[in-house]
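S.K.: Letter by letter, the chains look like this.
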Amino acid sequence: MSAAASAHRPGDERAALVTGGAGFIGSHLVDRLLRDGWHVRVLDDFSSGREANLAAAGEAVEVVRGDVCDAPLLERCARGVDVVFHQAAVASVPRSVAEPLRTHAVNATATLLVLEAARRARVRRVVFAASSAAYGNDPALPKVETMPPSPLSPYALQKWVGESYCGLYAALYGVETVALRYFNVFGPRQDPESEYAAVIPRFVTACLAGEAPIVYGDGEQTRDFTYVADAVEANVLAADAPEAAGTVVNVAGGRRVSLNEILALVAELTAARVRPRYEAARPGDVRDSVADLGRALAVLGFEPAVDLREGLRRTIESFRSAAAGRARP
Amino acid sequence: MSAAVRRAALVTGGAGFVGSHLVDRLVRDGWRVRVLDDFSSGREANLEASGAAIELVRGDLRDAAALGRAVAEVEVVFHQAAVPSVPRSVAEPVRTHEVNATGTLLVLEAARRAGVRRLVYAASSSAYGDTPELPKVETMPPRPRSPYALQKWTGECYCRLYSDLFGLETVALRYFNVFGPRQDPKSEYAAVVPRFATACLRGEAAVVYGDGEQTRDFTFVDDAVRANVLAADAPGASGAVVNVAGGRRVSLNELLAGLQELTGTRVPSRHEAPRAGDVRDSLADLSRARALLGYEPAASLREGLLRTVESLRKEQGR
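Those protein sequences? They're chains A and B, same order as listed. With positions in the first sequence counted from 1, the corresponding number in our numbering is that position plus 724. With positions in the second sequence counted from 1, the corresponding number in our numbering is that position plus 991.
These are calculated hints, taken from the structure and not from any lab test. Just so you know, these numbers come straight off a predicted model, no measurement behind them. Be aware that one or more of the hints could be misleading.
[Claimed, not checked] Looking from chain A toward chain B, a few residues come up when the C-beta cut is under 7 Å (computed):
id: 1; residue: HIS828
id: 2; residue: VAL868
id: 3; residue: PRO872
id: 4; residue: LEU881
id: 5; residue: SER888
id: 6; residue: LEU896
id: 7; residue: ALA1005
id: 8; residue: ASP1009
id: 9; residue: VAL1010
id: 10; residue: ILE1040
[Unchecked claim] Listing some non-contacts, in silico: residues in chain B with all C-beta distances to chain A over 12 Å:
id: 11; residue: ARG1103
id: 12; residue: ALA1105
id: 13; residue: ARG1136
id: 14; residue: LEU1141
id: 15; residue: ASP1155
id: 16; residue: SER1260
id: 17; residue: GLY1268
Even glycine gets a Cβ: it sits at the ideal position worked out from N, Cα and C.
Can you make the complete structure from the sequences, with help from the hints?
M.R.: See the structure below:
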């Protein structure tokens, strides 16, 4: 880290730290930043991030293996950096119910530690991966950033605490922060296997394997699905948008889809003939969700570019080739 | 009640200001009382009255072994331990997060594992932030303006989640500016009542941050203690957040004038810049406290201030 520890000079390539950069969204962001000419450092403990996610980035990325809860390490990683993209998290509602302490440390406390490290290292801006879970079960739709938070799970609370610290670090300490409230991001590299896997990779994997996908609840609950390239675009915009410091901004696909509709679409695109298995709804899950994107457009100039069908097609493609890769001798 | 069926309570931060008054009250009411305190701000002297009657566990909330010992076979946990200071949270956001937010989660988790029936949590009116609407009602959206406010609100949300998701009964009491004997007047982050009272007793200038026209709802410590005792048993209170206050709004300038009258002194006030994270006005709506807990503030401001001044006099005389 000796070279990276030196201060960034005007004219140099810009330097970014991506925490959780070997994870699902983080690694797509890394690829994009490298393409855009940034110097990119990744901090990841590979607890859920994977080496394979950084295959495309290869030698171009500086990888620091370590825990995002390690304050001295964070401070070293933040040195010489322009923008921190804080993506590291345990991104799961049910896992936060099962492990409230561990997820508090990673989702809430580590965000504070990242902000503190950024403040000490005089990082210009921190872009935080916040969550639409903060909105909870308030029936009002679409979700606007000015609505009061109503966290229904430890995960939702922890993410809300992280974005609140972002707001405080902007107001009290002058660190420019932008909190992006992700709405159900999906795409290639999203883990389908974990016990706490998100719904699209679970559906895709089941359909590709010809197995019954599991639906928690009646499947009529709705979500606003965001293709990962759109979430990445929002991050890149948030790194530089003037007037964005201290704000919270929705990032979403901007359309409301039920899980049953998603399942039908995935089944169609994979030409699968499967029947879902309905199980009990999970505690802490919200019923309906769709984002208002007015602020995202006004503050970031963000508009989703990839429609749901195209996003699903690319996701299925990548899961297919990953499966084929594994099947090869 | 025979010794065998005495109810058991844990008071975290039981050597602190509010905690030690609560300990005294619980001991008087016949509870078996255990105190968990690391004496970072709590003081041995605060436990003089109850000393022999209580069981003391010296340790930090973050020490899993000490916490595990502390919650064992306890019916009610009163979680009072905190670093209760807005300016200190601005100066030390990470350290105060560990105690105020993470510490509360650790206590909830330990209580859940130990089969504790109910946890009563010392939440804070700072959660309301600086929205102009008065009085503050529990249904208002939170607007934390300081790390302290955020951390205390986080603890409150975890209380609600532990009630909803894990069946641990929790009640969060949003304290409004509690004051009274044993409140530390010396710390760099001392609260306004002990600072003003000490200045009056010494005939020194009272430092006022801002113009002094900001208002607070001051709660005498005996009232805060009574709210805790009521919250331990109130039916239908689990998962609730409840304001605890004196129910009247007083400006800092009025407070200083009252203290000057009670101490028979006239001291100049020295105005300094408002502090980051402080709110402008505050006043509690007590409807929910009445309905849910049967709580009513009993001490008048004058009476509370008088008892505070008396105890500070005694301390100074030592």
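S.K.: For every hint, state whether the structure bears it out.
M.R.: How the hints compare with the structure:
no.	hint	verdict
1	HIS828	holds, 5 Å
2	VAL868	violated, 13 Å
3	PRO872	holds, 3 Å
4	LEU881	holds, 5 Å
5	SER888	holds, 5 Å
6	LEU896	holds, 6 Å
7	ALA1005	violated, 13 Å
8	ASP1009	violated, 12 Å
9	VAL1010	violated, 13 Å
10	ILE1040	violated, 35 Å
11	ARG1103	violated, 9 Å
12	ALA1105	holds, 15 Å
13	ARG1136	violated, 8 Å
14	LEU1141	violated, 5 Å
15	ASP1155	violated, 8 Å
16	SER1260	holds, 26 Å
17	GLY1268	violated, 7 Å
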